[in-house]
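Student: Sequence:
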Amino acid sequence: MAKITAAEVNKLRKSTGAGMMDCKKALVESEGDFDKAIEILRKKGQKVAAKRADRESSEGAAIAVVNEDATKGAIVSLNCETDFVAKNDSFTKMANDFAQLALGVESKDELLKLDYNGITVGEKLTEQTGVIGEKIEIGDFRILKAPFVGSYIHAGNKIAVLTGLSKSVEGAEEVAKEVSMQAAAMNPVALNEEGVDQSTIDKEIEIAKDQLRQEGKPEDMLDKIAKGKINRFFKDNTLVNQAFIKDSKISVAQHVKTLGDVEIVAFERVALG
Numbered sequence: 112m113a114k115i116t117a118a119e120v121n122k123l124r125k126s127t128g129a130g131m132m133d134c135k136k137a138l139v140e141s142e143g144d145f146d147k148a149i150e151i152l153r154k155k156g157q158k159v160a161a162k163r164a165d166r167e168s169s170e171g172a173a174i175a176v177v178n179e180d181a182t183k184g185a186i187v188s189l190n191c192e193t194d195f196v197a198k199n200d201s202f203t204k205m206a207n208d209f210a211q212l213a214l215g216v217e218s219k220d221e222l223l224k225l226d227y228n229g230i231t232v233g234e235k236l237t238e239q240t241g242v243i244g245e246k247i248e249i250g251d252f253r254i255l256k257a258p259f260v261g262s263y264i265h266a267g268n269k270i271a272v273l274t275g276l277s278k279s280v281e282g283a284e285e286v287a288k289e290v291s292m293q294a295a296a297m298n299p300v301a302l303n304e305e306g307v308d309q310s311t312i313d314k315e316i317e318i319a320k321d322q323l324r325q326e327g328k329p330e331d332m333l334d335k336i337a338k339g340k341i342n343r344f345f346k347d348n349t350l351v352n353q354a355f356i357k358d359s360k361i362s363v364a365q366h367v368k369t370l371g372d373v374e375i376v377a378f379e380r381v382a383l384g
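Using the numbering used here, the final residue of the sequence shown is 384, and nothing's skipped along the way.
Simulated from the structure, these hints should not be mistaken for laboratory data. Among the hints, a few may not be true.
With a straight-line cut-off of 20 Å between C-alpha atoms, the simulated DMTMM-like cross-links for lysine to aspartate or glutamate are [to be verified]:
#1 K357 - D347
#2 K338 - D308
#3 K246 - E234
#4 K346 - E330
#5 K328 - D347
#6 K269 - E192
#7 K204 - D226
#8 K256 - E217
#9 K314 - D334
#10 K256 - E234
#11 K155 - E140
#12 K224 - E234
#13 K154 - D144
#14 K340 - D313
#15 K155 - E248
#16 K154 - E140
#17 K346 - E289
Sequences and hints are given; from them, build the entire structure.
Tutor: The structure is reproduced here in structure tokens:
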């Protein structure tokens, strides 16, 4: 049997984040082979991941990043089971690293296959599930492309937003951030009226009609009054039509117009919890 030194155990612990006893057992099992010991720990992680596959991972960190020329943004949420893990600096760093990697791909599947310090992102998630003892996974993945993309991350990494503008002009970064903050706070269901699902509109009309009937309004007036209520729904729940939180006298679209002939073309919002 190979003699395992404390220094070797410590080295493996630092490399993997696994516990001291787990590292010692892996080194003993691998007869001192460092790479094989890492593989053993990963296999342990795979077993833990399988055991915890049905666990909720609603905590974590939602990170929004933008590339250097501000034409592409990515949001990645790295999910875990407890707020204690979510607030750990190494966990937050990993979430930020994954978000930066996401700028180079178009899908979550592609991200999971990318190299991350010698192993794939997917393998890293499995490894960390074993190390931490919680289900760790990429919960959400969003990409946004536009002539200008801005971002905002709400305190505590619980909400991340990207906003795309139709032009890159002076002041675009600040305005895109303000719009992203609006979306974080007000949680619009869509960018504009066209983006609202017909099923949502039908549901709102039915709710409005039921309310009107209870108020005793005549049946032949319901459609006309319900239409007015739907317009109010659009105003409250679509980003461009919402009252701007910093100046309720204007809409978000009107605020963006202070930049000139500029419009919001898209937004992405990811929230945890």
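Student: Would you mind marking each hint as holding or not holding in the structure?
Tutor: Right, here's what the structure says about each hint:
1. K357 - D347: holds, 15 Å
2. K338 - D308: holds, 16 Å
3. K246 - E234: Holds, at about 13 Å.
4. K346 - E330: Since the Cα atoms of K346 and E330 sit roughly 25 Å apart, the hinted pair is violated (cutoff 20 Å).
5. K328 - D347: violated, 24 Å
6. K269 - E192: holds, 14 Å
7. K204 - D226: holds, 16 Å
8. K256 - E217: Distance ~11 Å between K256 and E217 Cα, so the pair holds.
9. K314 - D334: The given pair, whose Cα atoms are some 13 Å apart, holds under the 20 Å limit.
10. K256 - E234: Measuring from Cα to Cα gives roughly 28 Å; hence the hint is violated.
11. K155 - E140: Holds, because 12 Å separates the two Cα atoms, which is no more than 20 Å.
12. K224 - E234: holds, 9 Å
13. K154 - D144: holds, 15 Å
14. K340 - D313: Holds - the C-alpha atoms of D313 and K340 are around 12 Å apart, at most 20 Å.
15. K155 - E248: Since the Cα atoms of K155 and E248 sit roughly 16 Å apart, the hinted pair holds (cutoff 20 Å).
16. K154 - E140: holds, 13 Å
17. K346 - E289: Holds, at roughly 18 Å.
Checked against the numbered hints given earlier, the structure breaks hints 4, 5, 10 and satisfies all the rest.
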